[in-house]
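A.B. asks: Here are the chains, one letter per residue:
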Amino acid sequence: MGRKESMYKYIVKRVLLMLPTLLGAACLIFFLLRMIPGDVCELRLAGDGQYVDPDALAACYTNLGLDKPVYQQFLGFIGGFFTFDLGESMWTGQPIEREIGLRFQLSLQVAIMATLVSILIALPLGTISAIKQDTWIDYVVRTFSIAGIAIPSFWLGIMIILGLLISTQAWFGTPWMPPIEYTSPFVDLEANMVQLIWPALATGYRYAAVATRMTRSSLLEVLREDYVRTARAKGLLEKIIINRHALKNAMLPVVTIIAIEFAFLMGGMVVTEQVFNLNGLGKLFVESVQNHDFAMTQALVMLVAFIFVMINLLVDIFYAWLDPRIRYS
Amino acid sequence: MSVTEINPGTVIEELAERKPLSERIGSLIRKQPLGLAGLLVVSIMVVCAIFAEYISPYDPELASFEHMLIPPNGDFLLGTDQFGRDMLTRLIFGAQTALFIGFTCAFVGSFAGLVLGVGSAYFGGKVDLIFQRVMDVFMAFPLIILALAIVSIFGTSMSSVITAITIPFIPRCARVVRSSALAIREIPYVDAARACGFSHIRIILRHMAPNVMAPFLIILTAAVGQAILTEASLSYLGMGVQEPTPAWGLMLQGGAEEYAESAPWVAIWPGVAISLAVFGFNLFGDALRDVLDPRLRTR
Numbered sequence: 001m002g003r004k005e006s007m008y009k010y011i012v013k014r015v016l017l018m019l020p021t022l023l024g025a026a027c028l029i030f031f032l033l034r035m036i037p038g039d040v041c042e043l044r045l046a047g048d049g050q051y052v053d054p055d056a057l058a059a060c061y062t063n064l065g066l067d068k069p070v071y072q073q074f075l076g077f078i079g080g081f082f083t084f085d086l087g088e089s090m091w092t093g094q095p096i097e098r099e100i101g102l103r104f105q106l107s108l109q110v111a112i113m114a115t116l117v118s119i120l121i122a123l124p125l126g127t128i129s130a131i132k133q134d135t136w137i138d139y140v141v142r143t144f145s146i147a148g149i150a151i152p153s154f155w156l157g158i159m160i161i162l163g164l165l166i167s168t169q170a171w172f173g174t175p176w177m178p179p180i181e182y183t184s185p186f187v188d189l190e191a192n193m194v195q196l197i198w199p200a201l202a203t204g205y206r207y208a209a210v211a212t213r214m215t216r217s218s219l220l221e222v223l224r225e226d227y228v229r230t231a232r233a234k235g236l237l238e239k240i241i242i243n244r245h246a247l248k249n250a251m252l253p254v255v256t257i258i259a260i261e262f263a264f265l266m267g268g269m270v271v272t273e274q275v276f277n278l279n280g281l282g283k284l285f286v287e288s289v290q291n292h293d294f295a296m297t298q299a300l301v302m303l304v305a306f307i308f309v310m311i312n313l314l315v316d317i318f319y320a321w322l323d324p325r326i327r328y329s
Numbered sequence: 330m331s332v333t334e335i336n337p338g339t340v341i342e343e344l345a346e347r348k349p350l351s352e353r354i355g356s357l358i359r360k361q362p363l364g365l366a367g368l369l370v371v372s373i374m375v376v377c378a379i380f381a382e383y384i385s386p387y388d389p390e391l392a393s394f395e396h397m398l399i400p401p402n403g404d405f406l407l408g409t410d411q412f413g414r415d416m417l418t419r420l421i422f423g424a425q426t427a428l429f430i431g432f433t434c435a436f437v438g439s440f441a442g443l444v445l446g447v448g449s450a451y452f453g454g455k456v457d458l459i460f461q462r463v464m465d466v467f468m469a470f471p472l473i474i475l476a477l478a479i480v481s482i483f484g485t486s487m488s489s490v491i492t493a494i495t496i497p498f499i500p501r502c503a504r505v506v507r508s509s510a511l512a513i514r515e516i517p518y519v520d521a522a523r524a525c526g527f528s529h530i531r532i533i534l535r536h537m538a539p540n541v542m543a544p545f546l547i548i549l550t551a552a553v554g555q556a557i558l559t560e561a562s563l564s565y566l567g568m569g570v571q572e573p574t575p576a577w578g579l580m581l582q583g584g585a586e587e588y589a590e591s592a593p594w595v596a597i598w599p600g601v602a603i604s605l606a607v608f609g610f611n612l613f614g615d616a617l618r619d620v621l622d623p624r625l626r627t628r
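Chains as they are written, first to last, in our numbering: chain A, 1 to 329; chain B, 330 to 628.
Think of the hints as simulated: they come from the structure by calculation, not from any bench.
Keep in mind it's a predicted model, so treat the numbers as computed, not measured.
Glycine included, C-beta positions come from ideal geometry on N, C-alpha and C.
Check the hints yourself; a few may be wrong.
Stated by the list, open to error - To give an idea of the interface, some chain B residues facing chain A are shown, with a C-beta separation under 8 angstroms as derived from the structure:
no.: 1; residue: Ala441
no.: 2; residue: Arg462
no.: 3; residue: Ile473
no.: 4; residue: Thr485
no.: 5; residue: Ala524
no.: 6; residue: Tyr565
no.: 7; residue: Ala596
no.: 8; residue: Leu617
no.: 9; residue: Val620
Said to hold, decoys possible - Within a straight-line C-alpha distance of at most 30 angstroms, the following computed BS3-like cross-link-like pairs (lysine-lysine) qualify:
no.: 10; chain 1: A; residue 1: Lys234; chain 2: A; residue 2: Lys9
no.: 11; chain 1: A; residue 1: Lys234; chain 2: A; residue 2: Lys4
no.: 12; chain 1: A; residue 1: Lys132; chain 2: B; residue 2: Lys360
no.: 13; chain 1: A; residue 1: Lys9; chain 2: A; residue 2: Lys132
no.: 14; chain 1: A; residue 1: Lys248; chain 2: A; residue 2: Lys234
no.: 15; chain 1: A; residue 1: Lys9; chain 2: B; residue 2: Lys455
no.: 16; chain 1: A; residue 1: Lys132; chain 2: A; residue 2: Lys248
no.: 17; chain 1: A; residue 1: Lys132; chain 2: A; residue 2: Lys4
no.: 18; chain 1: A; residue 1: Lys13; chain 2: B; residue 2: Lys455
no.: 19; chain 1: A; residue 1: Lys239; chain 2: B; residue 2: Lys455
no.: 20; chain 1: A; residue 1: Lys13; chain 2: A; residue 2: Lys239
To be verified - Computed footprint of chain A on chain B, listed as stretches where at least three residues anywhere in the stretch have a Cβ under 8 angstroms from a Cβ of chain A:
no.: 21; segment: 474-484
no.: 22; segment: 551-563
no.: 23; segment: 605-614
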């Protein structure tokens, strides 16, 4: 069987394996949400425990389709994905695509910026730490990266805001804080950057720390391989050995970890968004869980799960394509 | 010792070159200074948690409106918060909460993961395939999202916070353990145990689980730090431990941002405590991995 043919087979098999995962995720979140005590209609009509007209409540249920049997609701939810109709938010009544749209843009941009920050930090630091293993440089880099994993990024965010307030107060006499209103980068790049660079740094540090550790340990493993010893024995310059031979082979797990962290950032910035008052996917998620907005929460969770599964798939295909030693079994 | 050659795992190789205890401790200090630093931080935390009532200067829940937001001074070494409670006292008692939640979640989650992971590898075939798909489903959610959903269902009691943090750990641990256990499954002694008529549970727990201890221990230490971080995040969002229980994440939620400029100590110290704690567990876990996993051992 040709390499190309087996690769297609592998991709098809992996895509098919995605379906049960996504279906499982859909079931899990659908039933989890329906276990939460209280519902969106009570919350909308009663607010803080006032009297609710039973007719209004019933009308609300009918309106949102919550009076239908659970299995019909579930089929409607699943069917929505195949017809690309996510429905309306149960809280605001707006179409879900529109509600998610802008926030998705924001979260995606912060995630991309954080990825750039992490790559710029992780590759040089991880490499130098591996080359100078067990010297003081290595210890400094390792401490820096373990600290990055230990420091909660939301607290780092608070510290960044605090630092900005204090330093602007000292230099300009008036405290300055990043703007809260989101501006699209295509409208005003500067206003956009001034707002989003800080959360990107706060999450990027943690992310960089993870990638630095992976770069270091992966490069260390490769440097112990026979072909590196051969290259040394040939008398190749250390620089060429590292750049041409070792780094190329050490990059695979680093790419994986960067991609997977990216997927997590898309849905996992819940707390950082809270700190910087960013109106992103994470904040929308917290709000919709609190409002019992089933339709919105389900759509968000499925979006995050889909991104995650997709990225995993792409990484695996990339892996297989890049490394001929991997058999598609 | 035919096991030694076949097992691609690592523990047994370590056993083969076992040295006297004193010598091993000595070499540990020389080779793993960072790991020892981590152990030291963890020990300080444990001591703080155990003797919190004796070493802390005040009552952690005693609010006093006369002492609101006092900057650090001789009476209040780290200042007071917006309710007039002593920061240092609350930090010390916060170690209790963090360690209790950290250890409980890490142990329960990792142990469940260990049994499920080894079991999945042991039974293999369809069981393994189905189990893998279920794990995939859980892994497709970011940790914090799953935790938030669970807390909304069961409320914000201590036990539901622990459940919320524990459940996402299970698939993560199970996956790592399973991959090691798959190799062990192929070693003849497992078949020998079955031929002896031992029950599945006994083979999984007594015969296979001890041989995946290396990855398990590494995961376990990392999980403690991760649990402390997740607890802090949940509490910061107001969906974790509730007032007046002293918890580090909660201390940051209480108004760290509002008072950030006028009373920065409220925002700084709890974060330092969280970072140090997780830092300690991670350093220790790293050293443990270097010791237990010879593939990563220094040249």
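A.B. asks: All hints, please: hold or fail.
C.D. replies: Going down the list of hints, with the structure as the test:
{"no.": "1", "hint": "Ala441", "result": "violated, 17 angstroms"}
{"no.": "2", "hint": "Arg462", "result": "holds, 5 angstroms"}
{"no.": "3", "hint": "Ile473", "result": "holds, 5 angstroms"}
{"no.": "4", "hint": "Thr485", "result": "violated, 12 angstroms"}
{"no.": "5", "hint": "Ala524", "result": "violated, 30 angstroms"}
{"no.": "6", "hint": "Tyr565", "result": "holds, 6 angstroms"}
{"no.": "7", "hint": "Ala596", "result": "holds, 5 angstroms"}
{"no.": "8", "hint": "Leu617", "result": "violated, 13 angstroms"}
{"no.": "9", "hint": "Val620", "result": "violated, 15 angstroms"}
{"no.": "10", "hint": "Lys234(A) to Lys9(A)", "result": "violated, 41 angstroms"}
{"no.": "11", "hint": "Lys234(A) to Lys4(A)", "result": "violated, 35 angstroms"}
{"no.": "12", "hint": "Lys132(A) to Lys360(B)", "result": "holds, 15 angstroms"}
{"no.": "13", "hint": "Lys9(A) to Lys132(A)", "result": "violated, 43 angstroms"}
{"no.": "14", "hint": "Lys248(A) to Lys234(A)", "result": "holds, 19 angstroms"}
{"no.": "15", "hint": "Lys9(A) to Lys455(B)", "result": "holds, 21 angstroms"}
{"no.": "16", "hint": "Lys132(A) to Lys248(A)", "result": "holds, 18 angstroms"}
{"no.": "17", "hint": "Lys132(A) to Lys4(A)", "result": "violated, 41 angstroms"}
{"no.": "18", "hint": "Lys13(A) to Lys455(B)", "result": "holds, 17 angstroms"}
{"no.": "19", "hint": "Lys239(A) to Lys455(B)", "result": "violated, 49 angstroms"}
{"no.": "20", "hint": "Lys13(A) to Lys239(A)", "result": "violated, 41 angstroms"}
{"no.": "21", "hint": "474-484", "result": "holds (count 6)"}
{"no.": "22", "hint": "551-563", "result": "holds (count 4)"}
{"no.": "23", "hint": "605-614", "result": "holds (count 6)"}
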